[in-house]
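Q: As given, the protein sequences belong to chains A and B, one line each in that order. Numbering-wise, the numbering used here comes out as the position in the first sequence, counting from 1, plus 15. Numbering-wise, the numbering used here comes out as the position in the second sequence, counting from 1, plus 380.
Quick caveat, the hints were computed from the structure, so don't treat them as lab data. The model shown is predicted, which means the values in this text are computed figures rather than measured ones. One should not assume that every hint holds.
[Said to hold, decoys possible] Here are the computed distance ranges between Cβ atoms for each label pair:
#1 B:His429 / A:Glu452: 53 to 61 angstroms
#2 A:Glu139 / B:Lys405: 32 to 40 angstroms
#3 A:Pro248 / B:Gly447: 27 to 35 angstroms
#4 B:Glu452 / A:Glu191: 26 to 34 angstroms
#5 A:Asp497 / B:Glu398: 51 to 59 angstroms
#6 B:Gly447 / A:Phe513: 28 to 36 angstroms
#7 B:Glu442 / A:Glu86: 28 to 36 angstroms
#8 A:Glu444 / B:Glu452: 45 to 53 angstroms
#9 B:His429 / A:Pro302: 24 to 32 angstroms
#10 B:Glu450 / A:Pro248: 17 to 25 angstroms
#11 B:Glu442 / A:Ser276: 29 to 37 angstroms
#12 A:Arg371 / B:Gly447: 45 to 53 angstroms
#13 A:Arg263 / B:Leu404: 27 to 35 angstroms
#14 A:Gln349 / B:Val469: 19 to 27 angstroms
Note that beta-carbon positions come from the ideal geometry of N, C-alpha and C, so glycine has one too.
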Amino acid sequence: MSARVLNLLWVGGGVPNSLEWAVDSHIVACAPDSVAMASALDTLGKGLLLCVIVLDGNRERCKKLLRYLHEARPMMPIGVLISREEHPDALALLNERVIDRIIPRATMETALWEHIAALATHAEILTQLHGRLHGLNGANLFVTGGTGFLGQHFLRYVLRCSGARVDVLTRSRAGEPFDQRLADLQGAFPGRIHCVEGDIREPGLGLSAEDAEALRQRVDTIWHLAAITKFEPILRDVIVQTNLEGTRHVVAFAHTVKNLSCFHHVSTAYVAGNQDDTGSLPETAIPEPASFKNPYEESKYHAEQWVVASGLPVVVYRPSIIMGERVSGLSDGQTVYNVAKMLRLARLTGKRRASRNADAAEPTSFRVVVAPSAAKNLMPVDEVLSRMLRISATNPASGSFFNLTHGQPTTMTDIIAVIASLLDISEYEAVDTLDGEDLSAAESILQRISSVFKPYMLKSDPTFDSAGASRQAGLNHPHAVDRAQLRFFLQSFFEQHFGLDFESSPVSR
Amino acid sequence: MDPTIQKDVTEACQQYFEVFLPDLKGKLLVPGLRSLSCALGVAVNDMEHGCWTLSIVSGRLERVLAGVEEAESVFNLDRATLLEVVTGVLAPDTAFFDMRIEIEGDVALGLQLSTVLEPFFQQYPFHKNS
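One chain only, chain B, in its complex shape:
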């Protein structure tokens, strides 16, 4: 990959977890889904320090932490897949079934989350600098 694009892609991933998601704190991720409480980890395997955990309480995003130590289920994926998912282009469960996302930890929970969160990525699609 062209180094400029590579840098751009890495920045976009960082921006997603460090700017875009924190802006959504306190919002109901999926309309009507108030029973969801879990810690979902995301490990971006082709970037340095690319691990974050989303703490979800009663369906709302409570905080975004660096690292995946506290996560019950971790989505392991590369930057390109991450950006396709968070921009709403690729359904997370399709990515999982195509092995573009590997789920570590609680796989059954991870698969359910990949189904649950699809409407979230549709409702809040990421655009760089948005």
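Chain A with its partners taken away, still in its complex shape:
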């Protein structure tokens, strides 16, 4: 970090004393208006460019400034320094994807550097990607799953780091017409992103004849990201319809595209199914595993097979467990986040039961069915996208597979410990099994809701070979997701989705 030269544009308010140490950095402060910012940007050097806006309460003005900055410097990560008390809706700015990070004013003296460092890491990823995505300038991408978690980040990275034009397959949903679902990105990158109404679950993708024909003529690259990441057996039909039938529909459409250079298919490392934990997943097609943990794994395996056998020029990417983005903390709230939600619910259930029934006090400790040494393969979404896009820029051979996975998995011990410390679960015990009798209220609810995650909580993931992906991307193996990073991901999730306030007393959690 110290070797980086940062150029920091500080918009509005005085530059805090805590940044004075930043000898390698060039900090320019300016007033919150576009003329002052243009002049300040001109005086900044050629190192990593970051911006912090001190939000003064005028949200509209803030959005106008952000729009200006996106146009002037599309790759510059922007943080907003904000007091949550004054701006309870601040998180909306993050969710609208107009800024990269919220910097709570309360952390200004103690942890400002951590926030700046996260913005700098993000700037580095974007700058390096920009250097590699020249080939996409003038390209016409067709993207499925663009309104999903991975898809929205994918679009943001592509739009920021290349000159590509993107058509995104979208469908309307509650109160949101199909062409409004990416309105923030369309506003930030005018003319470069276009929504096309359709649905991968329908033959012909549900496209109108006009849209289908226009896409056939225009598109040169397809990115198929759409999928359902749910594991419940009751959802089997829906999962198969989207993940497998949907993929077949996208492949069928791809065959009709006039000048298709590549079909990029986003699969999952968990196509490995129920291998024993000494097994490993090579970066090649694999024979069908003897069994899968759930319909999700099974549907993704068969979708991958279908794509590879299609005769199209295909590249397959297999990410492991996709966590949030390191700069914003934004996440899909699935997988590890579900485990955190379940543990919080168990704790709250125990507390509620104790408060309702004073005679039979709920025990303070509860048992969790988990194998402490089980190793889980967690990848921040920015790490996944950086690798995926860098690999795509090398024009890999058709039929290539890349495992976007970790060499240093995180253990369940780490995961549970971080959740427990965040949610003030002071006492818990890891056990192999829990019998139906003698369960506390917390254990009972946990037992009943955790069945789909137990196979993952009790067993290590296979080893995923990812040497080919790292080599092709020109990157080292990723650093492990450590406890501090995991805590940031989970804390951000609970703040963004449950409105929890981690600066207040633990009682509210």
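The hints should help you fit chain B onto chain A, whose structure is shown.
A: Below, chain B without anything else, positioned relative to chain A:
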């Protein structure tokens, strides 16, 4: 709560179960989901006579009954939470994990239903007088 608003909210809840949902009878609740057959109860705990059961057969809403006696799994929630969920503002499983919905009866089935039905509330959002 202001008595006028209170009355309005209660009427909206009633309208949802007695007018809006019956209009959807026979429709596939979630595209592609034909294997779902169950009786889901909803108990609105801050209104009188606020209990209904949705009978779902092969993925289609067959009927809406008063009471929760026949339900396998019952969502216990207040009027405000109900309206947030049925208008598509709040995901049912988020409400469950935040303890705004308590599931009685078959909890595992209830949790799965809260996941299953999210796209239904997105596809058929309730608007009062709709």
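Q: Against which earlier hints does the structure fall short, listed by number upward?
A: 1, 2, 7, 8, 9, 11, 12
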